[in-house]
Structure formats: structure tokens, C-alpha cells
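S.K.: With chain L's structure known, arrange chain U on it following the hints.
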Amino acid sequence: MLNRTLNISTSPHIVKGISTDSIMQNVVWALLPVALFAVYTFGMSALLVLVTSTAACVLTEHFMCKYSKKKSTISDWSAVITGLLLGLTLPPNFPLWMAFSGGVIAIALGKFIFGGLGYNVFNPALVGRAVLQAAFPVAITTWYPAFLPDRFFSVSVSTFTVPFMEPAIDAMTGATPLAAFKFDHVTTSTSDLALGLISGSTGETCALLILLGGLYLIARNMMNWRIPVAVLGSVYVLSGILYLINPQVYPSPLFMLFSGGLMLGAVFMATDMVASPITPLGVVVYGVIIGLLVVVIRIWGGLPEGVMYAILLANAISPHIDNLIRPRVYGTTKSLKRS
Amino acid sequence: MGLLNFRKSTFKHGVHPPEHKSETNGLPIRQFPFAPLIILPMAQHIGAPSQIVVREGQEVARGQLLAKAGGYVSVPLHAPVSGTIRKIANVPTISGKMSPGIFLETFPFSSQEVLEGTPVDLETATPEQILQGIQDAGIVGLGGAAFPTHVKLKIPEGKSCEALIINGIECEPYLTTDHRVMLEQADDIFMGIRYLLKATGAERAIIGIEANKQDAADHLEARIPEDIPVTVKVVPVKYPQGSEKMLITAVLGREVPSGGLPIEVNVVVVNVATTAEIGRLLPHGRGIQERVITITGPAVKKKGNYLIPIGTPLRYVLEQVGVDEQISEVYMGGPMMGVAVSNLDISIVKGASGIVAFTEEDVKRPQEIYPCIKCGACVDACPISLNPSKLGILAKFEAYDRMAEDFHLMDCFECGSCSYVCPSHIPLVQYFRLAKSIVRKRATAKQTAEHAK
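Chains L and U, in that order, give the protein sequences.
The opening residue of the first sequence carries number 1257 in our numbering; numbering runs sequentially from there.
The opening residue of the second sequence carries number 67 in our numbering; numbering runs sequentially from there.
Next comes chain L alone, as it looks inside the complex (with noise of 0.2 Å):
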């Protein structure tokens, strides 16, 4: 019995069992309600956006990783975030054809060419959104009304655009909160941002549902809840400051939290691993930074919303954050050498 040749491995001869591929899944059942949540309000236009997206996106890594020659990485479930966020981004009534070439441009420019899971600087799906935005700046801004009586029966009139023709300006299109607040100066109720009864991107309108994800994911250790904690914070604060100074102006601090598409990105956005930093401190002043430029990008900036650019501004800059802050190191004395 003794005979058996015996294997050899280096210690540590047991793990701890979780593995980034059950991360990822886990990632995918928390963005799922919120997904459902959003095919009940818009309906079937919703449903193929978000079907659109995702298939460009797993589609797009299969192909990529056949054409260098690569074992194909859909398996890691990593595409499907990606496709699932972006499509979570875009209004319900985008073009379809717009939102397959937001999936593509997502992974094979978000993340493909900088070495694929693990080595982009950027959240790929912000980085289809990024393009969309600048390709189709009336698409992307145009907003399909929430509960429409027949919505599960019949889509958008936009949703089947053909390829490189402007979509038709839909009708019954309305505006969302924040872009009501900025340029009407319409304040729209906080319980119905929260429950997300009102109009808006595909994925952002139910705070709650987002805020239940995030929660799941911290409970399973497989999120790191400085970020959407450090994010909404400082948001909260220096709006909350904005607004005591003069509230006929600036709007209110929890408006801010609940409208757009901040709790999308503070909690599935912002947290995205790879693009953060590692450090505890590290993703506090990263979620910090996010927060700040989200308050400046909406009450000053040009544009009604600015999660997206504060987000890929402070995935540009967190390589940066891990050089400089540090922790210090068991037994000496001050911090490591920059570098």
C-alpha cells in the first residue's frame, strides 16, 4: 500500500476555495434583479438591450481569444458583467445595433488590447458607454418613459434602428430627474428615485435593488464596501454642504444619491477590482475622488450626469494611488520607498 508513488506540491498544501471565476458569477446573480427589476419597468425594449449587449460581449471575447490564438476566457463570467453593465447604462429604447457596437468596443478596447481580464486600466463597460456617448450623443439621451401600459408587448420605436441611420425620435420619450433638475429645475420625489419609479437609463433607476446587490456581495467578502461607501459618502457630504449653503439652488443631498447613475456606479461600477486600488486607504480616497468629481461634474459641469467620467477619471489615476499610498510594513518605520 505504501507503494503508490506520492505527489509533491509546495505549501501551502490547502486553499481557501474561492476562486475569481465564482466572484464573477456572483457578481452576475447580484446585478440580476436590478436587470429583471428593469425589464418590468421598460418592457421588452429593455430586455433585448440587455441581451444585445451581452452577447456582443461574450461574442466578442470568444472571437478575440480564437483570433490570438488563446484559450477562450467567456468561461471566467467577466464578459457577461461587462455586458450586462453596459447595456444596465443605456436607455431603454438604444438602437440595438448601437448597443451590439458598445459591446464590442466595450471588451476589445476596454479591455482586450491592454491583455484581457485582470490588465485593464479601465472599467470596460464604462469604456463602451464612453464611446457610445461621443458616437450617439442624442441616442444615448434620449429617455423612454417607465410603466407604459403595453410595454411587454411591443418595443421602442428606435430599439430596431438600421445600422448608421439616426434613430427616430420616439413620441413619448421624457426627461430624466437629473437632466429635469439641471435645466428645468424640477425636483423629482426621493421615494421614487429610490424605488425607481421614474425614467432613466435601463439599470439605474431602482437604487434599492442596486443597494441589495452591493450588500450581497459584501456579505460574501467578495466586494470591497469602502468604495460605494466612500463614494456616496463624500457625495453626500459636499452636496449636503452645497445644499445648506443655498437650497434653492443646489439640489438636495439625498436627490443626489438616488438619482442617475450613481448607485449603479458606486456599487457595481466603482468596485470593479481591477481598476481600483488595493489598498484599504487606497480605495477610500479613490471612491472619495469619484465622489467629488460626480458633485463638480453635475452642479458645474456641462452635462446633467457625470458618474461615468468620474469613474474612468479615477480608474486612470488609481495605479497612481497604489504607488503612493502604502501600507507601512511590519517592522519598519516609515513607508516604502516611491517609486
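None of these hints come from the bench; they were simulated from the model.
Predicted model only: the values in this text are computed from it and were never measured.
Some hints could be false.
Claimed, not checked - Within a straight-line C-alpha distance of at most 30 Å, the following computed BS3-like cross-link-like pairs (lysine-lysine) qualify:
(1) Lys-1272/L to Lys-368/U
(2) Lys-163/U to Lys-512/U
(3) Lys-220/U to Lys-502/U
(4) Lys-1272/L to Lys-220/U
(5) Lys-299/U to Lys-1272/L
(6) Lys-1272/L to Lys-462/U
(7) Lys-1272/L to Lys-367/U
(8) Lys-220/U to Lys-153/U
Unchecked claim - Simulated restraints, written as ranges between beta carbons of each label pair:
(9) Leu-188/U to Arg-1584/L: 35 to 45 Å
(10) Ser-1331/L to Gln-97/U: 26 to 36 Å
(11) Ala-1475/L to Ser-324/U: 32 to 42 Å
(12) Leu-1500/L to Arg-270/U: 53 to 63 Å
What the hints assert, rightly or not - Chain U regions said to be covered by chain L (calculated; three or more residues, Cβ under 8 Å):
(13) 263–273
(14) 322–335
For glycine and all other residues, C-beta sits at the position ideal for the given N, C-alpha and C.
M.R.: Only chain U this time, still in chain L's reference frame:
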């Protein structure tokens, strides 16, 4: 921080692997049978190998000197059994290297009485004489490091030892050796502490024990002799608290400077089983013949804590306890830092605190290595606050010098917490071991080159 003194009695970060200690921690220490052939490598400790002083064909009594210390950083070796020296030849060791060694055939019907030596009298001995006695007894760190204890206890000129910490942490999963020693050998431990207090000049001794061994802590606390300054400190369970530096931080809140030894913060740490051995051997002037070892793991049938003669071949040990047919890997030490055994013809050495055997099912591990997703789990695990993620990326690019210069690679003591938590299954600590050895080699080469100038 003066006002905010909320220091928890543990170190920063660390991990919580499943303990698996309940399988053996209730099993009393039992004498293991004497193997018919004992194989003794001369290199069982860190430092120079022992020098053989017996010849082939010679009959030796249990406890008789077989090999003397090969230098200051070295210890002698005593006969673990009465028998005949069959052969003096090279023997395999766990590192894969051969070492000079002795094949000792056990007398089948001997009573195995132990030879008495010259006792080291606690009252009259000077610290130097106690250190000499510890070296003569062949004592090395029984926690796994196997560093000669007398060298560690020697307080350098200009330094002083304020506190002696007795390490009863045993943070490795599966192992219960120290736990049983604390429950069963309290008198030996306190006798050992008397010798150690005198040898180091320490003002007090603290026995550090993890909370999963509360029974051992209570047992020892109730038996502290009134005339010696000993306290028991229970600390929360966390790996790698048994590492000297982490233990000092947990118990005293002091940090050993990078690259330095515990004596720089006026502390000496000694393993609890080593302490018990000192307390048992020195009053009789004997040498180490056997040690307590936990034989455990899913592939072992008769798990337990056994008193096994040094030099007992591993094959004999596993045959006696019985192993599962699907046995796949055997580790000397625990599963976090233990070394996988490639050859069952090696023998039990002084530093072996446990033998853990896994079946194929237990070692089945996810094979796919994903890229680092910078989740930060390793950063939250590293007990000395390194950035294993960054170090791993640098290792991949073979930037070893940068790892050492900018990212404190050489402070890594290879506890393996980073590899344990990594969801991408990146062999981080394995990279770091390699990187450290390359950095050391380069440093030596540089020195040699400078000498040649």
C-alpha cells in the same frame, strides 16, 4: 496613540484556515513502537551537521552520544534506541539532499533504559553552563524550525532580555502536538522555564496560547509555581500567529524591526515543546531521543499524538498507523507551511512536529490560474502588510531586485496566507520563495565579486 490604546491582542491581517484539530486534540500522547531499523541523518538542524563519533558494528545504549556538535551552530545527536550501528552511510533527507547518517539496528528485546548523564543543576549552574547543557542535550527548535536553541538563547553583547515568551500557539491546522504537551507535561514546561529564565536573565515569562486551546491555558495557569514570574496569555485564533514576530506583536504589542531578531525588542521566544524538553532532559543530563508528533490527516487511519523515537523511518510510521489506499501527499509539518515528502525512506527528525497525509480527494485543487484581478484578498491576509499582488506581478516579469528594493520581498517569511486566499490560484508564496533565493544568490555573488577586487 497614547489615549486610544485599544490594541487587540493579536497581529494585523492573517487568515483562518479550517482547524481540523478536534480529530486529535483529545488523544493523549502514546509511546510509538521502536522500529527495527533507525536511520539518523546528521543534518537534522539548521547549521553544521553533527560529527559521527561511533563506528560500524559498535553496540550503543539508548541515550549514548552518537555524534558531537559540528560547531557552535550545531548540536550533538544521541542514540534514540539501544542497538548496533549497522552502517554509516549517506541517508536521504526531506530536502532531497543526502546527508551523512547512521543506520542503527534496534536490540529486539532490550528494556530500552535511558543512559543518565551529568545533570545541569538549576541552582548552581551559570547561564553559560545552562546553554552548554542545552546544546549537549541536542536541543533544537521543536516547533519546526530546528534551529539550535542554545544559539537563540545567547543574548548578544549590549542587549538584554526582558521577557521570555513561551510559544504554545500552534496555529498550523491539524497539529495538536503542543496542545497535548501543554496538557500532559506541565511540570516539565515549568522546569524548562526555570532554566530558560536563568539562562536569558529575563524578568518574566509569558506563555502565549491561542483561544482554541483554552483547556491547556487553564491547566497551565492553575499549575504556575509561586516562585517564578510566569503568566499565561490567551490570544484570538489566527494564522500565522505562531510565527515569532506575530506572537511578540500579539502578546506584547512590540514590532520586531525588519531584518532583526526578537532580542532587539528585548524578547526571546521558545517553543513550548522545546521548553518541556529542556525541563525534562537537563536535570538528568540526557539527550533528545524522541519527540511528540501528531500523525493525522484524512489519509491516516489511527490518528493520534505519538512519542516517536528520532530516526524512525517515515514508512514504518505510516505502516504502523495505517493509511488510506488513496494516499496521495504526505507533509512533514502542517498543511500551511509543511514540506511535501517525496521519499518515505526519510526519517522522523527533531524538527518534525507533525505528519499530515492527504488522499487524492483532499489534494484535488482547482488547476486553472486566472490573472490577478487585484481583489486585494492577499493584501488583507499578509501579516506583515506586503502587497503580494504587486510582488506577484513583478515576479512574473522576473523583476526580483525591484521586489526586494521597493516592495520588501525579503521581509516575507513565507507563511503562505497570500496563496491560501488567492481566488485566481496564483502561486504567490511559491514565486516569493524563488525570488528570495535568487536575490540571496545575487547578493552572495556580488559580495564574492567585491572580495575578488
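S.K.: Against which earlier hints does the structure fall short, listed by number upward?
M.R.: 4, 8, 10 and 13
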